[in-house]
Amino acid sequence: MTVSYNLDVSSVSFFNFFKLLFRWRGSVWKSIWSELVLWLLGYYLVMVTYRVALTTEQKAGVRKYIDHLDQNLDKCVPLTFMLAFFVTIIVDRWKNMFANIGFIENTAIAIATLVKGTEGDVLLAKRTIIRYLVLTQVLVFRDISLKVRRRFPNHDAIIKAGFLQDHESIILGGDNGRTNYWMPVNWSSAILQKLFEDGNIPAAPLFNSVWQEVKTFRSNMATLCNYDWVPIPIAYPQVVFFAVRVYFFTCLFTRQHLDMEDTKTIDYYFPILTVFQFTFFMGWMKVAEALLNPLGEDDDDFECNYLIDRNIATGMAIVNSKYSDVPEMLADKFND
Amino acid sequence: MTVSYNLDVSSVSFFNFFKLLFRWRGSVWKSIWSELVLWLLGYYLVMVTYRVALTTEQKAGVRKYIDHLDQNLDKCVPLTFMLAFFVTIIVDRWKNMFANIGFIENTAIAIATLVKGTEGDVLLAKRTIIRYLVLTQVLVFRDISLKVRRRFPNHDAIIKAGFLQDHESIILGGDNGRTNYWMPVNWSSAILQKLFEDGNIPAAPLFNSVWQEVKTFRSNMATLCNYDWVPIPIAYPQVVFFAVRVYFFTCLFTRQHLDMEDTKTIDYYFPILTVFQFTFFMGWMKVAEALLNPLGEDDDDFECNYLIDRNIATGMAIVNSKYSDVPEMLADKFND
Amino acid sequence: MTVSYNLDVSSVSFFNFFKLLFRWRGSVWKSIWSELVLWLLGYYLVMVTYRVALTTEQKAGVRKYIDHLDQNLDKCVPLTFMLAFFVTIIVDRWKNMFANIGFIENTAIAIATLVKGTEGDVLLAKRTIIRYLVLTQVLVFRDISLKVRRRFPNHDAIIKAGFLQDHESIILGGDNGRTNYWMPVNWSSAILQKLFEDGNIPAAPLFNSVWQEVKTFRSNMATLCNYDWVPIPIAYPQVVFFAVRVYFFTCLFTRQHLDMEDTKTIDYYFPILTVFQFTFFMGWMKVAEALLNPLGEDDDDFECNYLIDRNIATGMAIVNSKYSDVPEMLADKFND
Amino acid sequence: MTVSYNLDVSSVSFFNFFKLLFRWRGSVWKSIWSELVLWLLGYYLVMVTYRVALTTEQKAGVRKYIDHLDQNLDKCVPLTFMLAFFVTIIVDRWKNMFANIGFIENTAIAIATLVKGTEGDVLLAKRTIIRYLVLTQVLVFRDISLKVRRRFPNHDAIIKAGFLQDHESIILGGDNGRTNYWMPVNWSSAILQKLFEDGNIPAAPLFNSVWQEVKTFRSNMATLCNYDWVPIPIAYPQVVFFAVRVYFFTCLFTRQHLDMEDTKTIDYYFPILTVFQFTFFMGWMKVAEALLNPLGEDDDDFECNYLIDRNIATGMAIVNSKYSDVPEMLADKFND
Amino acid sequence: MTVSYNLDVSSVSFFNFFKLLFRWRGSVWKSIWSELVLWLLGYYLVMVTYRVALTTEQKAGVRKYIDHLDQNLDKCVPLTFMLAFFVTIIVDRWKNMFANIGFIENTAIAIATLVKGTEGDVLLAKRTIIRYLVLTQVLVFRDISLKVRRRFPNHDAIIKAGFLQDHESIILGGDNGRTNYWMPVNWSSAILQKLFEDGNIPAAPLFNSVWQEVKTFRSNMATLCNYDWVPIPIAYPQVVFFAVRVYFFTCLFTRQHLDMEDTKTIDYYFPILTVFQFTFFMGWMKVAEALLNPLGEDDDDFECNYLIDRNIATGMAIVNSKYSDVPEMLADKFND
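Protein sequences appear in the order of chains A, B, C, D and E.
With the first sequence counted from 1, adding 25 to any position gets you this note's numbering.
With the second sequence counted from 1, adding 25 to any position gets you this note's numbering.
With the third sequence counted from 1, adding 25 to any position gets you this note's numbering.
With the fourth sequence counted from 1, adding 25 to any position gets you this note's numbering.
With the fifth sequence counted from 1, adding 25 to any position gets you this note's numbering.
Bear in mind the hints are in silico, worked out from the structure with no lab data behind them.
Where hints are given, some of them may not hold.
Given that identical chains are not distinguished, each listed pair holds provided it fits within a single copy or across any two copies.
[Claimed, not checked] Computed cross-link-like contacts, SDA-like style, restricted to lysine to any residue with a CA-CA straight-line distance of at most 20 Å: (1) Lys-120 to Asn-251; (2) Lys-84 to Tyr-69; (3) Lys-89 to Asp-292; (4) Lys-89 to Gln-281; (5) Lys-347 to Gly-198; (6) Lys-358 to Ile-195; (7) Lys-358 to Ala-338; (8) Lys-44 to Pro-256; (9) Lys-100 to Trp-64; (10) Lys-358 to Leu-149; (11) Lys-172 to Ala-186; (12) Lys-358 to Asn-345.
Whenever a hint applies, use it, and build me the whole structure from the sequences.
Right, dumping it as structure tokens:
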């Protein structure tokens, strides 16, 4: 489920900031705490080993090596650049995916408005078109979202939920039929064609409009599939995510207080700044990880199951509405 | 209310710059002054504590720790990168939200132009469509803007303002009916369909055009809702805003003049550069905070209430206009 | 007036570069010279004061403070980042404004092509539509561009220029009538509707097309208004422009040659690198300032008055053209 | 073949990260391992030469030179900036190319829905249009993708695959006829025109819609050709790729442990940080190289041959479908 | 002519990289070699002057000044930032210009498909429309591209090439008539209107479609003109290009080996790293310079003359084609 926080930031103030900061669901804290604990464990393990297990001579040798790492780490691992640009690219992709997530309203209103008749067969046809479109969404989402797959592991589950009917499942080839992916859209188009031929869509331009809306919904679904088919080349996230881990693994050693004799620097037991740095960079990377597959199972991922239910409910309600449902037109109070 | 300053920057000059700088409403000064005062209080508290309350030995210990912080702070908190990229993403989002804020003119002119008849029932129908569209805007804005919610806390307030009528409120389910969000658009479409059937819209392509405009207005509203539904993942602003605060909290200590014996550096009592730095980074962050929810209550947020009033007034005026209102066509003075 | 320099850069060469560099109109030199002179005056004032008016002891005190500033300035004022990202956002905005500046050709050709008849009332109607569209542009530009406001301070000036007629001015409410901003577009639409009803536009799809073009022109104007209504939040340019000034004000002191005894560094009297730095950063900022309000009065701002004249001339010429003006079709020389 | 990894990142967790990291196909490891081995060979060659073959005096001379390189390398080779911005531009281009890769569904559904008749000549016409469109894709892909060229080295191969027929190949001029590139689209359009004239497309707006879809498919192909015709200016990748190689070539020397007497730094035999740096920068560059020509032969490149097969299969299946194939409409289970 | 290198990068490998690197046409080497030679001459001139002509005392004085420059240069000239962001903006502009360069195919296919008749007057009309469109392109390109201007210095040259005819040149006002820029498009529209009235375009929606294509072609041309009319404000390239030159001019001095006594640093005679740096930054800048005016005369600029010839040939071939040219439809080999 996405995490909404707009009310917390409706105005800029110090206290709103704190409200924002102390949210847990979807928060940076939730996403990094486990790795931070792991990192701290590693840190103290290194600390104890160094201070207790090593002789003074060994310490000197280790220190020389760690100093060498420390001096070159930031030059060799360009974290900020990699993260900043990678996140920008990922956010762009995430935005486009959301723009193609598929809302039924426009299509449903087109069907309700441009197709005449609100009874009997025509009504059934309208409802069936809506059902086929949402069915397409279900079929597509099953292949790209684990959550939806879990809800609809097979055709039976879809039939039980009402999106599919037995005889349709057979035509689709049942659970093993994968190639006939877009068939329901084709059926919708055929039904539209029939409605046009029977005169229920009174003119060609209107037929055109309805069909364009159906096409748009289908194109959205196709775009989602394509984003799934051709992700950002795997080497890019690999490089970025690996760089972050290498950096902080090295920090396990370089951020230790090593020089026991030096009286000018203080001996500290909690690497507070490194913990902050871990929070910022790891949190930044987690944003990228979460956005990389927005149809996944993170707190912030799109709520595909909710969307499916909302689409079928809204779509059906819209095509069901009749002209007689429109409230009587009464004069309004606005002056001219 | 948004803050306009275009005339101040109509030409590039040194004085125009000052005019721009000394604006208060929506300014960076207004947004940061309270936190800056707070920060300075903290700064002087730390200063007095350090200089008065600590013994020389304690001072030495504290200094060592603060020196350690000072040397690593900038490496560990990549403020510039985070702010720069975050603001870029937020500005893009803000721009898109404004592009979908919903202006009625195009729809109103389409209705006025493409639907024949300016009297009686047809006029009422036109006015009602406009009213329903603005009503949709009111209903949507109530859910995403605190200011509009405060103006219209319940259906009664909307009815009193004239956007809704009693019998319509009942159909919408009153204050508790939330699911029938898009019903007014559906009613508008139905009215359009009726007008087409009755011959008031003379041809299918024109019906199409009017309907497309209504759809566009609705899509704008839906886009706003979706932006509200799926914000930038909360972890991103958390990381950025937290980083800024951590940075300046640390600066409370690291920007002190600590070495009382050192004769080479000067003892200063006002951290002028840090105050500037605070202004720049905090101001930059405030831009991001303000843009994060542009429908909120900051000086620079979109004026939703004004927009609603403007939309209903302009929309009604446009659909009211008759051909007889068009001025007589006289020859113009331009040569060929 | 915009400054064209494309021919200077038609090929990459060392000499073309110099041609580009030594342009004056709209150049970086023109935009910064006055502030650079001011800055140099300040610089020499500080130099003289320091060298002549201060005792050696005072010098030492001042030097310590200036050294402190010098060491921290670049850390505290992130000029490059702020300017780079701000300019990118501003350039994007500037590009969009130009894309909506409003060219009449498409609309005019649509009217000329899709409306039958090139004589008498039909011609007058065509000319009037063009005039109304350009009138809208005049009315909008008056409110967002100082130059156009100066050319048309009141309705009389617009009437004298021929864009408006007396009886139309009265309907618009004269100089004080502001709310009826979009009335001329409404009139144009009404005239189009009349032309369609009278059969001068032979089919609904063509009516549709013409109307869409009129709508596009209006939408362009509305977009310009909206950009004027909702600028980049004022805090953003304030932060950026203030940062640049603070930086160079501090440089007045930190870029002095202070240590008179030091024999290792040279005593210099002209801060050549700082002058270059001033040129680059100030020039970069000036680009941002100039683009912030592209309808203003800078050398590089859009030539709104020219555009208005060009639109009315081109528009009238296009709608005036008759089929008989088309040259006789003769066989061409191209082989198949 | 593109490499899909979405399921690996469906939620953010430490283990998913490792799953992602240890993929081989298309991975950063696969793309850099050979150059890394080469680099390490060079590194040890330099090491051995320096330590074994040089006298102490020679060592001193070499060291001075290498020190000079080391101090200036990062200033002189702005790797991060160049790579970050170059990759951003390339990713944008790659995205656009994929958006124009050409999916047949929309066109096929348009033909199936808007053209009446599913038998005999009409069916043949529909199938032929699909075939011509995919043929266009084959012809275009042959010129811009080595893989497709290898599959279809000449017209005979295309004929054998069924996309082309003998008499069509003759009209196209056989293997040497290149100018008549877009002829098949023209044939498709002519067939559509015939279908319209014969009444199989019942109305002009529908004819229009089908034709627009055919045009869109053709425009996609034209866009691909244009991207091939006008690539990013060659100087840009040259500069970036050369910079990366120069940097790491210099590192062969500067990352050696040179000062044998120095007891403060450790003598190391494996340049671990440099290897990491090599991985990050080289991997980043490989992302750019792979995306630069997404129709090439890398693991992550678009699967053009698969797309062609998929398009012909899907397209044929869609236009073959008859209304009688649509499942019987039965009442659904959703409440109103 | 644009330089194509896609085949060289069809897969990522070390050898492909070298193939790419050693291209000459349009390469970074070609664009920088002359300035690099110039720079090296300057470098050795400075070297010789310093080493031979100056006394030890003078050397000391000069060295102090150069050291001062060296320490502050990178701070004062933010080359990477300026180049990176400038190139990004320029690439975006370049992309848009190419997208509007004007390909005739879509328009030609629209005319061929939607206008009935392939003989006599109708064919002549079709050919004339194509000719007028390409003529518009010629007229526009003449004003924004030096190469095209050189090919068509006056109307006679255009007439000789066949794009224009004598009686048309007279109407256009001959070589001095500039205002009637868009007349040929207007003529095309008028011819289309005539074709529609004569029934050669069978329905209004089709007329609409053809006209939209003509309009799109014209809009492309208008966009090119506007890009020419309103370039990036001149101050921006001035700042960037000047900064690069100032930087490397200063490097003439700061990259010398100055301290003859210092035994710790080596005396070198070829500034290898600076030459690399020159290559990278100068090459990067040359990319920007070349893209700034993509209609110019660089190796990588768009081939306007070729495009014009291609457009007229393709356009004529497309409108010439008759239905009888379409190959006989035979059953294909694909299964269902």
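Right, here's what the structure says about each hint:
no., hint, in the structure
1, Lys-120 to Asn-251, "both (15 Å within a copy, 11 Å between copies)"
2, Lys-84 to Tyr-69, "within (16 Å within a copy, 28 Å between copies)"
3, Lys-89 to Asp-292, "both (18 Å within a copy, 9 Å between copies)"
4, Lys-89 to Gln-281, "both (13 Å within a copy, 15 Å between copies)"
5, Lys-347 to Gly-198, "between (36 Å within a copy, 17 Å between copies)"
6, Lys-358 to Ile-195, "between (57 Å within a copy, 19 Å between copies)"
7, Lys-358 to Ala-338, "between (34 Å within a copy, 11 Å between copies)"
8, Lys-44 to Pro-256, "between (35 Å within a copy, 16 Å between copies)"
9, Lys-100 to Trp-64, "between (22 Å within a copy, 19 Å between copies)"
10, Lys-358 to Leu-149, "between (39 Å within a copy, 12 Å between copies)"
11, Lys-172 to Ala-186, "within (15 Å within a copy, 41 Å between copies)"
12, Lys-358 to Asn-345, "between (30 Å within a copy, 14 Å between copies)"
Checked against the numbered hints above, the structure violates none of them.
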